[in-house]
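Peer 1: Could you build the full structure based on these sequences and the hints that come with them?
Protein chains in written order, with our numbering: chain B, 1 to 147; chain Z, 1 to 147; chain A, 1 to 147; chain H, 1 to 147.
The set of hints was computed from the structure by calculation and includes no laboratory data.
It is possible that part of the hints are untrue.
Identical copies look the same in the list; a pair holds intra-copy or inter-copy alike.
Taking lysine to any residue and the SDA-like style, the derived pairs with C-alpha atoms no more than 20 Å apart in a straight line are [stated by the list, open to error]:
| # | residue 1 | residue 2 |
| --- | --- | --- |
| 1 | Lys107 | Arg118 |
| 2 | Lys107 | Val139 |
| 3 | Lys107 | Val127 |
| 4 | Lys107 | Arg95 |
| 5 | Lys107 | Tyr120 |
| 6 | Lys107 | Arg125 |
| 7 | Lys107 | Arg36 |
| 8 | Lys107 | Glu76 |
Here are the chains, one letter per residue:
There are 4 protein chains.
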Amino acid sequence: MTPRNPEGIERMRAGFDRQGVMRTLGVEIEEVSPGRVSLLLPFDADFTQHHGFLHAGIVTTVMDSAAGFAAFTLMEADAEVLTAEFKASFLAPARGTRFRMVGEVIKPGRTLTFCEARAYTLGEREVLFATLTATMMAVRDRPSVRS
Amino acid sequence: MTPRNPEGIERMRAGFDRQGVMRTLGVEIEEVSPGRVSLLLPFDADFTQHHGFLHAGIVTTVMDSAAGFAAFTLMEADAEVLTAEFKASFLAPARGTRFRMVGEVIKPGRTLTFCEARAYTLGEREVLFATLTATMMAVRDRPSVRS
Amino acid sequence: MTPRNPEGIERMRAGFDRQGVMRTLGVEIEEVSPGRVSLLLPFDADFTQHHGFLHAGIVTTVMDSAAGFAAFTLMEADAEVLTAEFKASFLAPARGTRFRMVGEVIKPGRTLTFCEARAYTLGEREVLFATLTATMMAVRDRPSVRS
Amino acid sequence: MTPRNPEGIERMRAGFDRQGVMRTLGVEIEEVSPGRVSLLLPFDADFTQHHGFLHAGIVTTVMDSAAGFAAFTLMEADAEVLTAEFKASFLAPARGTRFRMVGEVIKPGRTLTFCEARAYTLGEREVLFATLTATMMAVRDRPSVRS
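Peer 2: Structural data, given as structure tokens:
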């Protein structure tokens with residue numbers, strides 16, 4: 001997809017660096033292209049649920065960031081991105097030591113951008129274990145949402 | 001609601017203590033009753049998004065735990081709880097220093113339990129800033145999902 | 001809630017009359033107030049799924065209209081309402097001969113309005129059998145979405 | 001995918017024929033294979049919203065049936081399929097005179113099957129205008145849900 005803003009990918013990387021939670025979770029950017037962002041997440045026992053797997057909300061945190069940053073790569077230079085809503089499905093427990101979350105834009109728009117993300121366990125074979133669909137909103141002239 | 005298992009609330013508290021992520025996020029149980037769980041979450045800059053507010057995924061992590069544990073209080077003693085899916089909506093940024101997430105069972109069932117959760121900012125006035133609906137699944141005889 | 005447009009309820013009723021599907025399904029307005037719409041739907045064998053109950057999509061059609069029209073009552077006179085997304089949960093089959101769908105605004109906004117709806121079977125006792133959460137969008141100056 | 005029940009596709013076609021709403025909407029089966037169902041829907045002014053496009057709930061009705069029947073092709077002979085929940089996103093109005101809804105199984109399971117569906121306008125070019133994700137449930141020994 002053609003970004004409306006040639007600096008979209010640079011702005012996305014700067015936005016990623018400002019997300020404290022990405023640093024805390026040890027997330028790294030694997031690959032970025034217009035409308036698509038792939039992130040890598042290591043297992044960490046600090047973020048587990050009651051069976052010792054990564055908590056569904058943590059998996060969702062990284063799927064949401066992958067989807068939101070994918071949307072952000074296509075946004076105009078005066079826009080910030082916010083998540084309006086998402087839905088996530090958990091097909092299987094998050095088994096393993098390393099995970100890939102891939103976010104993609106399905107339909108960009110001036111105000112709303114529809115995105116999807118998928119989460120895979122890495123290792124001998126990639127297993128799809130969670131999916132997300134999200135509505136991202138471009139906000140302009142709203143200094144109140146900035147840090 | 002009447003729990004099927006009188007030990008439901010005790011089991012719920014033990015399950016909460018096994019969730020590494022609740023400890024890491026500093027979440028505390030405010031109140032538990034059959035089919036309803038209220039959790040408290042402090043602000044922490046380690047879990048923010050790019051505007052300095054708590055990341056939507058972190059807010060969701062605590063809403064999901066409140067909803068899942070609400071379901072768990074009503075489950076039979078041989079059942080564990082897993083999240084099949086959830087949807088979360090973000091009505092406003094997570095402003096403030098302390099938050100309350102309240103999970104409730106809407107419809108219990110032997111296999112599926114439908115739950116809702118709401119997230120409020122605390123302070124001079126409580127503001128509803130996020131909502132969640134979730135499908136929780138009771139799993140039995142599945143040692144593989146236990147830690 | 002205070003409608004931004006005093007004619008909101010009149011506009012809502014006119015919009016309802018323009019929805020061919022409401023007429024086809026035999027839906028009637030039970031009650032309207034700012035930010036809240038209650039609709040009544042009769043059972044009709046023409047709209048059933050494979051077990052003879054109303055199809056989940058038909059239940060959702062009326063929940064979506066209740067939610068969308070609730071949003072519309074609060075919108076400014078230059079805005080039209082479109083559904084960006086919804087999620088529906090089906091707690092039980094739609095048993096019975098008559099149903100009530102109640103839509104409510106949870107958080108109004110200039111661009112996005114967050115809504116919920118609940119569906120009840122009518123009869124000796126009201127049973128909640130389905131729920132919906134939706135994101136409604138106000139669109140302005142878009143003749144293309146008009147018929 | 002390998003159906004657990006070789007008669008899965010025959011059972012699916014019989015289930016489709018029992019859905020009154022499919023007949024009423026004029027839906028036809030375009031193609032069925034294990035885990036995948038493609039349906040065709042004509043435009044009909046009886047099922048429109050206030051701008052004259054097909055109502056989002058009607059689009060969802062057909063996406064839900066495509067997804068549910070895709071799940072049903074893989075289910076064992078003693079199981080019936082019910083929708084537990086779905087989420088649908090509306091990327092654009094349903095413009096046109098004929099539509100294709102394709103449902104696919106993402107993850108089959110003995111109890112829960114996760115599905116997705118996509119809706120396209122037909123004509124000179126296919127345009128993706130709506131998406132759905134759903135959780136389908138296999139029910140056994142529940143005569144009460146049968147017609």
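Peer 1: Against this structure, judge whether each hint is valid.
Peer 2: Hint by hint, here is what the structure shows:
1. Lys107 <-> Arg118: both (16 Å within a copy, 13 Å between copies)
2. Lys107 <-> Val139: both (17 Å within a copy, 17 Å between copies)
3. Lys107 <-> Val127: between (26 Å within a copy, 11 Å between copies)
4. Lys107 <-> Arg95: Answer is between: at 16 Å across copies they meet the 20 Å cutoff, but 31 Å inside does not.
5. Lys107 <-> Tyr120: between (23 Å within a copy, 13 Å between copies)
6. Lys107 <-> Arg125: between (30 Å within a copy, 16 Å between copies)
7. Lys107 <-> Arg36: So Lys107 and Arg36 pass the 20 Å test inside one copy only (12 Å; across, 23 Å).
8. Lys107 <-> Glu76: For Lys107 and Glu76, only the intra-copy Cα distance (15 Å) is at most 20 Å; the inter-copy one is 27 Å.
In this structure, none of the earlier numbered hints is contradicted; all agree with it.
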